[in-house]
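Residue numbers (my numbering), protein chains in the order written: chain W, 1 to 182; chain D, 1 to 537; chain S, 1 to 238; chain P, 1 to 178.
Treat each hint with caution, since some may be false.
Stated by the list, open to error - Short derived list, chain S residues pointing at chain P, Cβ under 7 Å: (1) Gln11; (2) His75; (3) Glu162; (4) Gly163; (5) His165; (6) Trp167; (7) Val169; (8) Arg172; (9) Val179; (10) Gly181; (11) Leu182.
Derived from the structure by calculation, the hints contain no laboratory data.
Nothing here was measured: the structure is a model prediction, and the numbers come from that model.
Cβ atoms here follow ideal geometry from the backbone N, Cα and C, with glycine treated the same way.
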Amino acid sequence: MTKIKFATVWLAGCSGCHMSFLDMDEWLIELAKYVEVVYSPVGCDLKEYPEGVDVCLVEGGVANKDNLELIRLVRKRTKTLISFGDCAVTANVPAMRNMLGGSAPVLRRGYLELADETPQLPYAPGIVPELLDRVLPVHEVVPVDIYMPGCPPDAHRIQATIEPLLKGERPKMEGRDMIKFG
Amino acid sequence: MDWTNLLEIAETEQKRQKSIRVHCCTSTGCRAANSLSVKQNLDNAVAESGLGDRVEVIGVGCMGFCGRGPLVQVDPEDLLYEEVTPENAPSIIEALDGGEAKPIKGDSQHPFFSRQMKIVRQHTGKVDPERIEEYIAVGGYQSLYKALYEMTPEQVVSEIGKSGLRGRGGGGYPTGLKWATVAKMPGKQKYVICNGDEGDPGAFMDRSVLESDPHLVLEGMAIAGYAVGADHGYIYVRAEYPLAIQRLQKAIQQAKKYGILGSQIFESPFDFKIDIRIGAGAFVCGEETALIQSIEGKRGNPVPRPPYPAESGLWGCPTLINNVETFANIAPIIREGAEWYVSIGTKNSKGTKIFALTGKIRNNGLIEVPMGITLREIVEEMGGGVPNGEVKAVQTGGPSGGCIPASLLDTPVDYDSLNKVGSMMGSGGMVVMDRETNMVEVARFYMEFCRGETCGKCVPCRTGTVQLYSLLTKILNKQATKTDLEKLETLSYMVKETSLCGLGISAPNPVLSTLRYFPQEYLELIQEDSLNSKVTV
Amino acid sequence: MSVRTLTIDGQPVAAIEGATILEAAKEGGIHIPTLCFLEGVSAVAACRMCLVEVEGINKLLPACVTKVSEEMVVHTNTPKLQEYRRMVIELLFSEGNHVCSICVANGNCELQDLAIEVGMDHTRFPYRFPDRGIDVSHPQFGIDHNRCILCTRCVRVCDEIEGAHVWDVAQRGAAAYIVSGLNQPWGEVEACTSCGKCVDACPTGAIFRKGTTTSEKARDRAKLEFLVNAREKHEWTR
Amino acid sequence: MQSLTAEATKTQKSQSTPKKTSETDKRFKTLDITIKRNHYRQDALIEILHKAQESFGYLEPEVLEYVARQLKLPLSRVYGVATFYHLFSLKPSGAHSCVVCLGTACYVKGSGKIMAALEEELGIKAGETTPDDKISLMAARCLGACGIAPAIVFDGTVAGKQEPEMVLERIKAWQSKT
Numbered sequence: 001m002t003k004i005k006f007a008t009v010w011l012a013g014c015s016g017c018h019m020s021f022l023d024m025d026e027w028l029i030e031l032a033k034y035v036e037v038v039y040s041p042v043g044c045d046l047k048e049y050p051e052g053v054d055v056c057l058v059e060g061g062v063a064n065k066d067n068l069e070l071i072r073l074v075r076k077r078t079k080t081l082i083s084f085g086d087c088a089v090t091a092n093v094p095a096m097r098n099m100l101g102g103s104a105p106v107l108r109r110g111y112l113e114l115a116d117e118t119p120q121l122p123y124a125p126g127i128v129p130e131l132l133d134r135v136l137p138v139h140e141v142v143p144v145d146i147y148m149p150g151c152p153p154d155a156h157r158i159q160a161t162i163e164p165l166l167k168g169e170r171p172k173m174e175g176r177d178m179i180k181f182g
Numbered sequence: 001m002d003w004t005n006l007l008e009i010a011e012t013e014q015k016r017q018k019s020i021r022v023h024c025c026t027s028t029g030c031r032a033a034n035s036l037s038v039k040q041n042l043d044n045a046v047a048e049s050g051l052g053d054r055v056e057v058i059g060v061g062c063m064g065f066c067g068r069g070p071l072v073q074v075d076p077e078d079l080l081y082e083e084v085t086p087e088n089a090p091s092i093i094e095a096l097d098g099g100e101a102k103p104i105k106g107d108s109q110h111p112f113f114s115r116q117m118k119i120v121r122q123h124t125g126k127v128d129p130e131r132i133e134e135y136i137a138v139g140g141y142q143s144l145y146k147a148l149y150e151m152t153p154e155q156v157v158s159e160i161g162k163s164g165l166r167g168r169g170g171g172g173y174p175t176g177l178k179w180a181t182v183a184k185m186p187g188k189q190k191y192v193i194c195n196g197d198e199g200d201p202g203a204f205m206d207r208s209v210l211e212s213d214p215h216l217v218l219e220g221m222a223i224a225g226y227a228v229g230a231d232h233g234y235i236y237v238r239a240e241y242p243l244a245i246q247r248l249q250k251a252i253q254q255a256k257k258y259g260i261l262g263s264q265i266f267e268s269p270f271d272f273k274i275d276i277r278i279g280a281g282a283f284v285c286g287e288e289t290a291l292i293q294s295i296e297g298k299r300g301n302p303v304p305r306p307p308y309p310a311e312s313g314l315w316g317c318p319t320l321i322n323n324v325e326t327f328a329n330i331a332p333i334i335r336e337g338a339e340w341y342v343s344i345g346t347k348n349s350k351g352t353k354i355f356a357l358t359g360k361i362r363n364n365g366l367i368e369v370p371m372g373i374t375l376r377e378i379v380e381e382m383g384g385g386v387p388n389g390e391v392k393a394v395q396t397g398g399p400s401g402g403c404i405p406a407s408l409l410d411t412p413v414d415y416d417s418l419n420k421v422g423s424m425m426g427s428g429g430m431v432v433m434d435r436e437t438n439m440v441e442v443a444r445f446y447m448e449f450c451r452g453e454t455c456g457k458c459v460p461c462r463t464g465t466v467q468l469y470s471l472l473t474k475i476l477n478k479q480a481t482k483t484d485l486e487k488l489e490t491l492s493y494m495v496k497e498t499s500l501c502g503l504g505i506s507a508p509n510p511v512l513s514t515l516r517y518f519p520q521e522y523l524e525l526i527q528e529d530s531l532n533s534k535v536t537v
Numbered sequence: 001m002s003v004r005t006l007t008i009d010g011q012p013v014a015a016i017e018g019a020t021i022l023e024a025a026k027e028g029g030i031h032i033p034t035l036c037f038l039e040g041v042s043a044v045a046a047c048r049m050c051l052v053e054v055e056g057i058n059k060l061l062p063a064c065v066t067k068v069s070e071e072m073v074v075h076t077n078t079p080k081l082q083e084y085r086r087m088v089i090e091l092l093f094s095e096g097n098h099v100c101s102i103c104v105a106n107g108n109c110e111l112q113d114l115a116i117e118v119g120m121d122h123t124r125f126p127y128r129f130p131d132r133g134i135d136v137s138h139p140q141f142g143i144d145h146n147r148c149i150l151c152t153r154c155v156r157v158c159d160e161i162e163g164a165h166v167w168d169v170a171q172r173g174a175a176a177y178i179v180s181g182l183n184q185p186w187g188e189v190e191a192c193t194s195c196g197k198c199v200d201a202c203p204t205g206a207i208f209r210k211g212t213t214t215s216e217k218a219r220d221r222a223k224l225e226f227l228v229n230a231r232e233k234h235e236w237t238r
Numbered sequence: 001m002q003s004l005t006a007e008a009t010k011t012q013k014s015q016s017t018p019k020k021t022s023e024t025d026k027r028f029k030t031l032d033i034t035i036k037r038n039h040y041r042q043d044a045l046i047e048i049l050h051k052a053q054e055s056f057g058y059l060e061p062e063v064l065e066y067v068a069r070q071l072k073l074p075l076s077r078v079y080g081v082a083t084f085y086h087l088f089s090l091k092p093s094g095a096h097s098c099v100v101c102l103g104t105a106c107y108v109k110g111s112g113k114i115m116a117a118l119e120e121e122l123g124i125k126a127g128e129t130t131p132d133d134k135i136s137l138m139a140a141r142c143l144g145a146c147g148i149a150p151a152i153v154f155d156g157t158v159a160g161k162q163e164p165e166m167v168l169e170r171i172k173a174w175q176s177k178t
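Put together the whole structure using the sequences plus the hints.
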């Protein structure tokens, strides 16, 4: 049996969704029978997102240029892209900075106005990724195949979403257990 | 005041009038082109020339040819002068005595005038709107008298019903039916409201009627009051029309003075008073339920119908609401009879309609035409076509209407035909667009309008218009994909079908009609690559 | 009182004359989703969630204000209605700043519940992230305009049940917001009796009791009905 | 909205200063006459606000509160009505006003370009007043003067068939006057 090429990525989020993923506990062992983890901040050491990924869970909103590059690459190289958790689906908490209206006021607020000592704007081109003006949910940047809201989606919801995919079926994203936000 | 008095006033006025009448437009359009100075100089010229015994200068309402104002017209010879300046105005008077008139001579036989048929605007441009005597001299208020003394309220309602008159505000609801409903409602207190909140951009028919012949509207309202059993009327006029308000105030005062409005009209038991209510800049108040809220001193939020105002309107009382132009048709119908009216127009659209012909067109202004005339006749013959270009589309019905492509110019102008091609009669705005006009931009222009004018009460209209506007912007910025285009269409239908009032229901019309007739213009702006849809960063 | 018989979703229902479709449906055990509707205060038909199809009428009608008539045939859950309801909820989510994870009403929110009911797993419309304020000047309560959906329940309970009319809607269109007094901080509005009815009426986490944190907002919706019954029917116990 | 607290402090301040009444301010007297003429009827709110704006120039919180108390209307209701209608202004306007008609006919004939030119020249957006309080720039939905499109209203007087250069000239004349 060829294993499903499975990946997870995190963009602008708190990694809570990944923690919740790990909460699937022993089912992770079951999952390992079916999938090969080809890229994941918590389950793989590869630094380059590979080609030919079957399923990818994307946590987090798109907040900076790195996120933007990565999500475009992920989309290009992934068959089934899953928006994983509220940050990916709605941009959620990271996007609350959007109300300030642009990246400049955000940096000013964070690094100058609220600084205790040596207020200074971060400037390290090529090292610190530049902020986008707005944090966006994944589907406003690239097409998304499955949406799995939740902050974080609990382990059961994650399992119920992935399990059918292993059998080549589409999960039913409906009802309180599957799509409740928050 | 009785019939003899009325005739006496008419006779005295006819005798008073000089044999040569120089009509100078003093309506908003010509005023902006300095027509008040023109009139002043004409007056001075008459005084200086000593022709005062047989010549008089009269400030009149709109003659329609606003694009070429200020206009001066001389009767009985029917001479028309265009773009008259205060400097060359006196030569018009000199010409009456053998001199030569310097202003541009207009062609009063031009199709712009000759193809018109004037019922509502019959006396517009001929009578001084600030003098009730002039209105009476041309037979004014005789219909009201006739209704009060020769007809029962039921007969009046039935006459209006038989005439086939439909609401001129846009909806086209049969006027007679509306009147009959209000008349049949129980209850002592009823109201008549005249909707003069003409808010469609590109439309100024009602302004012109109110400024040029206010008594015609008052007479129509009073007849309506008698027919439905109301003793109190309101005219709701937008504050943007100060001249109309001023002339209405004057007209009401004069009518009251003569006992034509107020208590015991024409010494009959019928009382009818009319109050003016001034809007404060809200397009949505043109919607009848919002207008009622506004008269009650509230935010102009529409309320769900039913109940219709006919059952429960102003302060919960049965209320008849008609538009200015509808009321202006009443006196002529009562005077000439329903049969006469039925002979004009098409099977389901009777009478005439006033249009404001504007945009990229040679002759712009107001025209009153019989229903059933084709768009081509209006645009090409009367309007003289597009200067240095070709017609691309004609927008009718304002933000609620649609864009009709040049290929459908042979569509007859009536309620049903316009609906069939995805537009509507609306209140009568007719904006001509040429090849240079970008239709997606036009759609966005109207959406911008609706987004700014929605009251915000119901969700689809409040937030749907905002989303439609940003989708259109995305398309115009060439950032949209095919999915966005589909979304635009789906959301348009959703807003249309789920909004609470006419504003939301019709807001997507300009989008849907341009999508229908000019899909290519949208497609040309669409990004092919949907995978890497561009994101604004 | 005469009775009208009608059909809702294929089921015959009897309702008294003058009843709304919503009341008739409830009587017949048929659920129609609502949002701005609140038992005990006037209906405004603003959210459009309760739109239904009535055979022979070519427009959708709000069940909360449409009166039943004899032999009316009503459909409450057609695919079109489902799609439009979902769009209404999507539009509301994209209009405000509804961050469920940090909201006092998380788990006890009518907007959130409806999102589940209509099957909204994401919104197709871009989030607008408006810059809206929060007013916590009142000693007991707060209002977070980011979570407000302009259902005007607070306006209506305060006016119609409490009689204080602290709230109203200011501005219009997308700029509309719930205003207290003369655009004053809520805590400074003399008319407010601190009765808390608006907290109970608010379907989301927009109006809340101070001190409640994420997922802690509880509301006593039945209290409003109780008050109305006490006032109108003189029934003082629930 | 973001300035909720700032505005609120203003209201508070105005409450702490002695209330202006018809005794101290003639403009309130005019307002009183209108209110009396309307028999203190609550439905006359819009008429009264028109009059108030006419005599005060704009509807300051103090005036709104005065009207509300005279008509015995809830403050929020008065505020709601005053902010619903575009013609009511809660901020003072400039010494001069320039209203650009953005109705369809004017738009098709280039009033959008005029507006853009004005916004650039004045450095403000439609609906705003220049920092020196000299000029208020406004947009109108439709003046009903479509026959002479594009139409602009300079200090209450309609001018037709305008072009950006002509309009800027008028504006510059206002600016140069001290």
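Taking the hints in turn, this is what the structure says about them:
1. Gln11: 42 Å, violated
2. His75: 36 Å, violated
3. Glu162: 12 Å, violated
4. Gly163: 10 Å, violated
5. His165: 4 Å, holds
6. Trp167: 6 Å, holds
7. Val169: OK, holds: Val169(S) within 7 Å of chain P, min 5 Å.
8. Arg172: Interface hint status for Arg172(S): holds (5 Å vs cutoff 7 Å).
9. Val179: OK, holds: Val179(S) within 7 Å of chain P, min 5 Å.
10. Gly181: This hint holds: Gly181(S) lies near chain P, its Cβ roughly 4 Å from the closest one there, short of 7 Å.
11. Leu182: With Cβ-Cβ at 4 Å, under 7 Å, it holds.
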